[in-house]
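Each number in our numbering comes from the position in the sequence shown (counting from 1) with 3 added on.
FYI, nobody ran anything at the bench for these hints, they're computed from the structure.
Incorrect hints may have been included.
Claimed, not checked - Here are the simulated distance ranges between beta carbons:
no., residue 1, residue 2, range
1, V199, A128, 19 to 27 Å
2, P87, V141, 20 to 28 Å
3, A173, R76, 22 to 30 Å
4, P103, G134, 21 to 29 Å
5, G195, D58, 13 to 21 Å
6, A91, S10, 41 to 49 Å
7, Y11, T75, 15 to 23 Å
8, S10, G34, 22 to 30 Å
9, A128, S47, 26 to 34 Å
10, T7, A39, 41 to 49 Å
11, E120, Y11, 27 to 35 Å
12, P160, A43, 39 to 47 Å
13, T75, S10, 39 to 47 Å
14, P160, A31, 17 to 25 Å
Where a beta carbon is used, it is the ideal one built from N, C-alpha and C, also for glycine.
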Amino acid sequence: MRLTEFSYVQARLQARHGSSPNAATWQALEGSRTAAHYLALARSGPLARWIDGLDEAGDAHRVERHLQACWTRQVDAVARWQPPRWQAATHWFGTLTALPLSDAAQSAGQAAARWLEQWHRLMPADAGDRGLLQQPAVLLLPRLSGSGAGRRASVEPERRALLNLFRRHAASAVAVFAYLALSALDVERLRGGLVVRALFEPAPAANPT
């Protein structure tokens, strides 16, 4: 793996990463009681690009479709920044968020194994340490397949591990996949916040007659 290949993409990723939401951003969002207030807060901060074009009337299904489309556009952009020989593997990484995983350990493990096998096939022949390259995906998979409570409990350890990969392996494919995994965590957390409020916020009170 030739590190000089990733000089351009690393500069772009550093700029994007520098504007990522922090703990204070999430704390403010998670204090919101309604989807409308949640969206208003998100629009005023670093998550604005993910919800551009999404209005307060959006139902849970529309939220899902919108965020999936935004995620696909981000992955496409990151792939374009990279050398051509890495683009297929980068596009495939983007499909991880749509991987059909169940709570059954065996079927989830089989789906993940098939996904990883295909990912390895799409990497360049001289990609280097495949175990290291797959760490961002391995860290992300439990977050995508677990229950809601389990996801919230696990996100910080996973985020710290991904940040460590992003920093220690700068200007390499490892950093690219770590950045995408960090973005996927943000999108998943944003999706959860919006969908829960869209589904469960109280209906408007009826006008008295």
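Now the hints, each set against the structure:
1. The hinted range of 19 to 27 Å is not satisfied by V199 and A128, whose Cβ atoms lie roughly 44 Å apart.
2. A hinted range of 20 to 28 Å holds for the C-beta pair P87 and V141, which are about 26 Å apart.
3. A173 and R76 have their C-beta atoms about 24 Å apart, which keeps the hinted 22 to 30 Å range intact.
4. The hinted window of 21 to 29 Å between P103 and G134 holds, with their beta carbons roughly 25 Å apart.
5. Evaluation of the 13 to 21 Å hint for G195 and D58 yields a pass: the beta carbon distance comes to about 19 Å.
6. Checking the proposed 41 to 49 Å range against A91 and S10 shows it is violated: the Cβ atoms sit about 21 Å from each other.
7. About 22 Å separates the C-beta atoms of Y11 and T75, a value consistent with the hinted range of 15 to 23 Å.
8. Evaluation of the 22 to 30 Å hint for S10 and G34 yields a failure: the beta carbon distance comes to about 41 Å.
9. Range check, A128 to S47: Cβ separation about 46 Å, and the 26 to 34 Å hint is violated.
10. The beta-carbon spacing between T7 and A39, approximately 48 Å, falls within the hinted interval of 41 to 49 Å.
11. Taking 27 to 35 Å as the suggested C-beta distance range, the pair E120 and Y11 conforms, at roughly 30 Å.
12. At roughly 31 Å, the beta-carbon separation of P160 and A43 lies outside the given 39 to 47 Å, and the hint is violated.
13. Restraint check, T75 to S10: a C-beta distance of roughly 25 Å breaks the suggested window 39 to 47 Å.
14. Separated by about 23 Å at the C-beta atoms, P160 and A31 satisfy the suggested range of 17 to 25 Å.
When the structure is compared with the earlier hints, violations turn up for hints 1, 6, 8, 9, 12, 13 and for no others.
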